[in-house]
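Undergrad: Both chains are given apart, each in its own frame, so use the hints to dock them into the complex.
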Amino acid sequence: MRVNRRVVATVAAVLAVALAAAACDDTGSSADRPATSLVPVTTAPTAPAPDCGNAVASFAPLNPMPEPGDMPAGTYMATIQQRGRLVAAVSADTLLFGYFNPLTGQLEGFDIDLVREVSRAIFGDPNRVEYKVVTYAQRIPSLLDGSVDIVADVMTVNCERWGQISFSSQYFDAGQKILVRKDSDVTDISQLNGERMCAARGSTNIDELEKYPEIVVVPVDDISDCMVLFQQGAVDSVTGDDTVLAGFVAQDPYTKVVGGALTSEPYGLGVAKTHPEFVGFVNGVLEDIRDSGRWAAMYRTWLAPDGGPVPPPPVAVYGRTP
Amino acid sequence: MTSSVTTSPPPPPSPPPAANVPSAANVPPAAPAGSAPERASTRARELFAGAVSGTPGRMRVLAAIALVVTLAFGVLGFLALLRFHSNVEEARRNAEQLVRIQSIRTNLVKADANATNAFLVGGLEPPAVRDAYTNGIAATARTLAQASARSDDAPALERVNRVLTQYTGLIEAARANNRQGFPVGAAYLRQASRALRDDALPALATLVQAERRRVEDSTSAADSARDALILFLVLALVALVAPQMYLSRKTRRTFNKPLLAATAVVIVAGLLGLGVVTWSKGRADEARAGPYRQTVALATARIGGFDAKSAEALTLIARGSGAAFEERFQSTAADASAAIERDLVGAAPESAQAEAAATFADYVSEHQKLRSLDENGQHDQAVAAATGNGAANQAFARFERASSRALTAEAADLSDDLNQAATPLVVTAWLLLLAGLAAAVLAWRGVSERLREYR
Numbered sequence: 001m002r003v004n005r006r007v008v009a010t011v012a013a014v015l016a017v018a019l020a021a022a023a024c025d026d027t028g029s030s031a032d033r034p035a036t037s038l039v040p041v042t043t044a045p046t047a048p049a050p051d052c053g054n055a056v057a058s059f060a061p062l063n064p065m066p067e068p069g070d071m072p073a074g075t076y077m078a079t080i081q082q083r084g085r086l087v088a089a090v091s092a093d094t095l096l097f098g099y100f101n102p103l104t105g106q107l108e109g110f111d112i113d114l115v116r117e118v119s120r121a122i123f124g125d126p127n128r129v130e131y132k133v134v135t136y137a138q139r140i141p142s143l144l145d146g147s148v149d150i151v152a153d154v155m156t157v158n159c160e161r162w163g164q165i166s167f168s169s170q171y172f173d174a175g176q177k178i179l180v181r182k183d184s185d186v187t188d189i190s191q192l193n194g195e196r197m198c199a200a201r202g203s204t205n206i207d208e209l210e211k212y213p214e215i216v217v218v219p220v221d222d223i224s225d226c227m228v229l230f231q232q233g234a235v236d237s238v239t240g241d242d243t244v245l246a247g248f249v250a251q252d253p254y255t256k257v258v259g260g261a262l263t264s265e266p267y268g269l270g271v272a273k274t275h276p277e278f279v280g281f282v283n284g285v286l287e288d289i290r291d292s293g294r295w296a297a298m299y300r301t302w303l304a305p306d307g308g309p310v311p312p313p314p315v316a317v318y319g320r321t322p
Numbered sequence: 001m002t003s004s005v006t007t008s009p010p011p012p013p014s015p016p017p018a019a020n021v022p023s024a025a026n027v028p029p030a031a032p033a034g035s036a037p038e039r040a041s042t043r044a045r046e047l048f049a050g051a052v053s054g055t056p057g058r059m060r061v062l063a064a065i066a067l068v069v070t071l072a073f074g075v076l077g078f079l080a081l082l083r084f085h086s087n088v089e090e091a092r093r094n095a096e097q098l099v100r101i102q103s104i105r106t107n108l109v110k111a112d113a114n115a116t117n118a119f120l121v122g123g124l125e126p127p128a129v130r131d132a133y134t135n136g137i138a139a140t141a142r143t144l145a146q147a148s149a150r151s152d153d154a155p156a157l158e159r160v161n162r163v164l165t166q167y168t169g170l171i172e173a174a175r176a177n178n179r180q181g182f183p184v185g186a187a188y189l190r191q192a193s194r195a196l197r198d199d200a201l202p203a204l205a206t207l208v209q210a211e212r213r214r215v216e217d218s219t220s221a222a223d224s225a226r227d228a229l230i231l232f233l234v235l236a237l238v239a240l241v242a243p244q245m246y247l248s249r250k251t252r253r254t255f256n257k258p259l260l261a262a263t264a265v266v267i268v269a270g271l272l273g274l275g276v277v278t279w280s281k282g283r284a285d286e287a288r289a290g291p292y293r294q295t296v297a298l299a300t301a302r303i304g305g306f307d308a309k310s311a312e313a314l315t316l317i318a319r320g321s322g323a324a325f326e327e328r329f330q331s332t333a334a335d336a337s338a339a340i341e342r343d344l345v346g347a348a349p350e351s352a353q354a355e356a357a358a359t360f361a362d363y364v365s366e367h368q369k370l371r372s373l374d375e376n377g378q379h380d381q382a383v384a385a386a387t388g389n390g391a392a393n394q395a396f397a398r399f400e401r402a403s404s405r406a407l408t409a410e411a412a413d414l415s416d417d418l419n420q421a422a423t424p425l426v427v428t429a430w431l432l433l434l435a436g437l438a439a440a441v442l443a444w445r446g447v448s449e450r451l452r453e454y455r
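For the record, the sequence lines run as chains A and B.
In terms of our numbering, the first sequence has 321 at position 321, counting the first letter as 1, and numbering is strictly consecutive.
In terms of our numbering, the second sequence has 335 at position 335, counting the first letter as 1, and numbering is strictly consecutive.
Isolated chain B (complex conformation) (with noise of 0.2 Å):
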């Protein structure tokens, strides 16, 4: 150890020992002989070599390494968890954000099933359904309005509020007409249904993969910290540890008491970190895991539905040649019965999501029995199981309030999740900090005290 003192320079960070010399510093200008600069240089090496060199000078260095180092512990370790904090706050405003796309989404695609149903219904929509179309516009708009202050996404958003304008004019002209008997209603609703399909639902359906991928990607600052933390530690308490043993042997005392206090200060302060920042982790990935996975396979369940719904209804539109309509309901409903399948069915019985699963199980099976009246001539009977109080129509109703009860508290707890994983890190880092500054002084104050019997 003391060797490897001696033959390695001192660290650039030599104003400590400088500084601890201030009475001889202050001799040279009172010396008035040869080129100044050049005499001034030529002391302060002489005074350096005589701070570094023998007993004391060797404790003067291992002093400024302890000093430095642990300074060090608490500097970077502070820097470390408020840049995790920092991320955890990230993930959580990430999701919020896929949250409220995914909303936007889910509010379209269910303004078109609404829409589509009730021209398939015939004659002037329900009073209920046209509210429903209303709030779901509205909803969007203002679920535009906040995602678009975020400015990556602004551009796709932009795009998809021009959209909707044109959506919302479109399915106003097919009303007007529809209001008049004219059958040309029916092409501005198709139309209005293509705009959804082809400009907006396919913008959105990116961001929420970018936002997905911001999620789930936070996770790299965590093991950053708590390596960073660890590290930190170690060089810590090598650089306090140093000088007690050189201390032990050259002095009469066993133990350095400041020095000691220092050690046990950056134990605390090291294990508190590595303990929280651990904790924190544990929090966001358990986030992860459940709120998190749930509210994207609530999502995806729900535009899946409300897609498949729209689908069963223009099929039903296109009478016989709806063939590619099916198709996409049974591809739409297949996603979501596979999101389903994945993150829901383990859901404890009585829960929200449970309910979601099982009750688009039952929408499934009577969309089922309302083709194969299709099929067999039953038009009539068809339409109206997908409409009204209708057995299909009663059974997507409770899906839609299953998953909007689920997905509401399942987004809730992923915020609260997060935000709790957040909390911790911001006081930690400042205790780090503190216990960095702390070990510093008492490291200083252990070896100066013994550096004071060399006087």
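Just chain A, with the same shape it has in the complex (with noise of 0.2 Å):
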């Protein structure tokens, strides 16, 4: 659980900008979210957007709760209850927020956490989860055949994925920015014109870089191959989530995060359209680590364990039917 001194320091001050945002940015609503960067902020994707109204808005959460260990017959979280255990998909190289603790040989972040709470929802006990290590390209894929449960692997919430899968209430409030060399001089993504940008196949990072023809675009499966391509030279900057650059600045302190957010990316917790009952279990899970502070605890010991401001959570907003 210890994250060491140096990768706190460099994850809080990265993320105080985007903090700043998201404490000012209460309704939770990313369509009206004030835009921070040079570039205007579009949250309407290129391809032609399914309208689903305010994507961030989710089912309403279940009241009341069913008692854990004691799933109502017929529900899927009886299903999983039957089961023994929770299969969720995870990302194993998001530093902070789902990744493979070398030194300890667990997976470990704010993703995992958010797991875990929903298995002691449904046992009692937290460690009732299978965990499946998932690419970006791998999340919708894996809840639509069915080989998970629930996807908590930084996902972005928006329109076109609530055509494929639901989700949660947001949990968390991200924006797409880019990693370059500590001695760069570029400020903004138009500077880049020309070069060699690394991002992650199937995250709505690579969508988003339709917007800049410009830009030498070297898509892989994994983010943190991105890292290993920028420290090789191979590339000359990354586009990610600031939270998962947060990580990598922490883990290089040759590199840096520049820019505004290029855009909003509100995270939920994936869940499959046929089990709108568990997506409402869910958020109330999600009400309940919100208001008892846990939801401040576990931002305190990923994003903020040098006593750094804890922002408030991002504000559910209901109001979807199935």
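Check before you lean on any hint, since a few could be wrong.
Listed next, the stretches of chain B that the computed footprint assigns to chain A, with coverage defined by at least 3 CB atoms under 8 Å from CB atoms of chain A [as the list claims (entries may be wrong)]:
| id | segment |
| --- | --- |
| 1 | 77-89 |
| 2 | 111-124 |
| 3 | 185-193 |
Covered stretches of chain A (in silico footprint by chain B; criterion: 3 or more residues with CB under 8 Å from a CB of chain B, positions within the stretch not fixed) [as the list claims (entries may be wrong)]:
| id | segment |
| --- | --- |
| 4 | 96-103 |
| 5 | 119-132 |
| 6 | 154-161 |
| 7 | 287-296 |
Because the hints were derived from the structure by calculation, they are not lab data.
Glycine included, each C-beta is placed from N, C-alpha and C at the ideal position.
TA: In structure tokens form, the structure reads like this:
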């Protein structure tokens, strides 16, 4: 659980801007979020965007919540309880959110803690989880083929994805940024025309780059491969969510994150469309996490262990019906 | 027989008859009449006609043919055996190179399996695993240097060497990151593994194919040596028997002792040569059917085995999204099993080969147990089985030891067998040359004894 001091300090610094933005963005709606970057923020994807209303709006939380170990018959939670374990798709290389800690041999991070809370709510035991490590591109397919119950992998909620799966209420507020060498004088993505930029396949980040046709995009399967290519000089910059890039800066002091957020990336937990009652259940768990102060504690553990400011959690928006 | 000799002109190597009439040939310069060259050539023609006409003439012609053919028997037999010898030697060198290249391949997949397994364990890698990796890389570098001495393979091996340097660099980067608890270490490890698989291993596989073709092609030289020997033996016998028949008809003696002796020498030497060639070919064929096949099978099994082991670790590292790695396990393990089925299963029950075959089957069944653990949500137990003292890891270690022992023994046998096949060829080649010379001398002496009776 202990994260090294340098990691902490860098993460705190990198996230400072994003946090400030998040703190005053209490509506939780990405559409009316103040644009802090020089590049205009558009939430609409470049492809003909399916309209789903407010993307971060989810199904109402279950009320009352069933007691742990006593899931109502006929629900998907009962299926999970019967199986004896919750199957979750997570990342193993996103420092601070979902990563394989080589020192302990365990998966750790903010997303992992969320999954453990869901397990606690179903079984009364946070350890009844089977993790499946997936790439970004495998997240939605793994829900569609039923091989996992839930995706907790820095996944952005958007209308396009609502077309395929369901999301919980928003649990984190991130934004897409750019990582460059520490001695670079780049301050904005427009200065990177003609240069090589690494991004992960199947991410909203790589879709966003379609707006910058002059940039030479180098796609990889795992975002951590971007860091290897960057350290080897095979790419000039990396784009990803500020949360992910903060993890990179923590691993390499010769890098920095620049520019304002290109996009807003509200994170939600993914669940298959066929189980709206499970989405309601997860939303109930998230309600509890927010209200009980557990969210703030997790934030402190992973993102502000040095005593930096802890913003309030993103406000849940409901109103969608299955 | 006689008619054929008289109608056909004397063979081009006419020097023997010419050399045989030195007293007559010395006359022309002493007779100074007319244009010198013209007269000399006319005189030579007359002399030549005199030398080959009549009974003594025919004797001379037959003697000359016997002389040339027996000499040819010696010299060409000598050359055919030397060629066969160098061919067997070449096969031995090719086989040794094949073993070297296979060992480079094995060491690379082994290093990779160790590195991925160490990562799966997490924390600091055990000293034993680290030592195994370091020794594997050192052995690879050493074998690469030896194998590069062969110029055909040098360009491909140079590429392998470049990848090896890149690979070790990436592994060190993975380690350095791992030591600080940085998850990017895993990405370096993946890249290292990719560099090996995409670049070095295919290059080595191509070399192995080429080398195997060379080893398997070298039988033809044995056949051509044997055919040449049979042909020259028959020709030499004909060339020796013909003058004997002619002499026994034209003279009062039934047998000509020197010619008979020459015939005996040629028969003994020819049969000896044939015997040795057949024996050597048998030896080389045996080496190819036995130790060579076993060496190839063991090397294939080891490469498939290590590859399967690292696929097993990668499947566990990928945690549920490792279907592609498990497929790789299945296909590489099937390659290994096929090699074992084909060439090792019939091995003597107590032998290292039989042990290698049995231990690999054990490992595959332990792997299946580990997979069902993982598929039933018991990831930690599956990791425990795949590492340290876990059942699958120990089963694999037993296969590794047994196959390594068997491979070392078979590779040594292969070299020894081919060496044994090559050794008697040189001595026999020289014996054939001497026999040819002796037979030629005897044949000439036999005919010239009778020729003296015509003076």
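Undergrad: Now tell me if each hint is right for this structure.
TA: Going down the list of hints, with the structure as the test:
1. 77-89: Result for this restraint: violated, n = 0.
2. 111-124: It holds: at least three residues are needed, and the segment 111-124 of chain B offers 4 whose Cβ sits within less than 8 Å of chain A.
3. 185-193: Since 6 is at least three, the answer is holds.
4. 96-103: With 5 residues close enough to chain B, the hint holds.
5. 119-132: Per the Cβ count (3), the hint holds.
6. 154-161: With 0 residues in contact (Cβ-Cβ under 8 Å with chain B), the coverage given for the segment 154-161 of chain A is violated.
7. 287-296: violated (count 0)
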